[in-house]
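Participant: Take a look at the letters that make up each chain.
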Amino acid sequence: MLDIIQYPFMQRAIIAGITLGILLALLGIFVVLKRMSFFSSGIAHASLAGVAIGIILSLNPLLTALLLSIIFAIIIYLVEEHYHITSDTTIGIIFTSGMALGVLLISLQNDYQPELISFLFGNILSISQNELWLIVGLSIIISIFVISYLKPLTLIALDKETAQVNGVPVKKLQPALYISLAIAVVLGIKVLGIILVSALLIIPIATSKLIAKSFKKLVVCSIILSEITVISGIIFSYYLDLPTGPTIVLIGTLIFIFTMIYKALKK
Amino acid sequence: MKKTIIHTENLSVSFDKNEVLRNININIKQGEIVAIIGPNGSGKSTLLKAILGLIPYQGKITIFDQPITKITDKIGYVPQKFEFDKTFPLTIREFLEISEKNVTNKEINHALNEAEMSAHQKQLIGQLSGGQLQRILIARAILKQPEILFLDEPTTGIDIEGEMDFYQMIKHQNEYHKVTVIMISHEISMVYKHASQIICLNRDLICMGKPKQAITKEVLKKLYGDDVDLMHHEH
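Line by line, the protein sequences give chains W and A. Just so it is clear: in the first sequence, position 25 is 25 by our numbering, and no numbers are missing. Just so it is clear: in the second sequence, position 135 is 1135 by our numbering, and no numbers are missing.
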């Protein structure tokens, strides 16, 4: 069993998985509460343009995707605030045009792009040392931000008007949440890929909602379930020689289904 | 002489060149229960939101001679719509804890007592009835013991019994805690019964004063058209 942690690439995978497990669970609470799953999915898909720009310019695609996703998050926030256009519409435009730009740019490259496939479907085993530092560093900063502002962020997600009347700095915290979520989504892409990253933002929280009897328990339970899902996904995929991202998502889904059955039987 | 605590001067609000409120000049005095009435789309919620600093406006608004951003501690607000994921696990106590910064246990206990909801504090907000949820929203609004309470159509969607309880709570806040209450209402009969001042809006300010004097046949015609008339009940 211990052979799994002998290899440096597995050590990096486990550290990245644990860190992202906490980050995505924390932010997932707001994704579920504020019904922002389309936001995370949209940012993930649109970040393909950033990945493509990175590949073409021979820069780290994770960095270029991060930068572009931050720009997208700011655009979504500004359009939502200043124009009578629903955020769904803005996200839909960014989702499709970002993806289209990504595909277009990649088609200009003649050779096979293994990096692209790892971004599309995730490859936690391909995380470099520098990427690990980036993932851990940004995850710590964002997690500290979310924990420090957990109450006002929850109030904004629940009732933005009252938050504003009560003196919560909504115009600073809301864009900060959007940017944090965009960064977390792109970091999560390294593990789960563009297509599956939203799963870790939603499934552990959806499962926790079935069993938690308070908000505090929901937060703790979401983090624990997210960690169980990620770590067992990495271990199973290693020993069964399966792709890591889909294994993590399917384990999360199985936990959700069993919890639902357990709850139904308990009634 | 009661002190003026809310003052608006030439207050106008437009959305996409559509003028929703036009040159509204009002003075609200401390200790009043003020009802804002008017037909749908008359600018009632817009007026409330402008006073609360939630939307941009032209003109001048002061509360206690200051802009609202400086005095948020003196304000309590119950929004018209409070829609949320009913399956989200948030207890009533947690709901109150997240609603105000630096709120103490004593303040939460006091607000729950005032709303007669202490026994329910561990219950999830998604499990509350319409009337109970309204009580909790009022408990949240009075957490910091505000001097002014703003209520946007507070009795929408609650039954008659819940409505009676609600008005009793408001009266209690006004008479016992000296809270000034400003509420939007659709029910003229309730306004007659409970409000001490009335503001009638239909884009322009149509009337302002004590309900029995301010609501005349002409005013009702300006607000709701020819089909609406006033019937007095003596009980």
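Simulated from the structure, these hints should not be mistaken for laboratory data. Among the clues, some could well be false.
Computed list of lysine-lysine pairs in DSSO-like fashion (alpha-carbon distance at most 30 Å, straight line) [claimed, not checked]:
| no. | chain 1 | residue 1 | chain 2 | residue 2 |
| --- | --- | --- | --- | --- |
| 1 | A | Lys1086 | W | Lys266 |
| 2 | A | Lys1081 | W | Lys172 |
| 3 | A | Lys1193 | W | Lys171 |
To be clear about the criterion: a stretch of chain W counts as covered by chain A if any three or more of its residues have a C-beta under 8 Å from a C-beta of chain A, and this derived list gives those stretches [said to hold, decoys possible]:
| no. | stretch |
| --- | --- |
| 4 | 29 to 41 |
| 5 | 155 to 161 |
| 6 | 214 to 224 |
| 7 | 228 to 236 |
Here a beta-carbon is modelled for each residue, glycine too, at the ideal position from N, C-alpha and C.
Participant: Each of the hints needs a verdict: does it hold here or not?
Facilitator: Hint check:
With a CA separation close to 21 Å, the supplied pair Lys1086/A and Lys266/W stays within the 30 Å bound. In summary, the hint linking Lys1081/A to Lys172/W is supported, as the alpha carbons are separated by about 24 Å, within the 30 Å threshold. Under the criterion of a C-alpha separation no larger than 30 Å, the hint pairing Lys1193/A with Lys171/W is inconsistent with the structure, at around 40 Å. Counting residues of the stretch 29 to 41 of chain W whose C-beta lies closer than 8 Å to any C-beta of chain A gives 3; at least three are required, and the coverage claim holds.
Here the stretch 155 to 161 of chain W counts 4 residues with a CB under 8 Å from a CB of chain A, which clears the bar of 3, and the coverage holds. Only residues whose beta carbon comes within less than 8 Å of a beta carbon in chain A count, and the stretch 214 to 224 of chain W has 5; three or more means the coverage holds. Three residues within the 8 Å Cβ limit are the bar, and the stretch 228 to 236 of chain W against chain A gives 0, so the coverage statement is violated.
Checked against the numbered hints above, the structure breaks hints 3, 7 and satisfies the rest.
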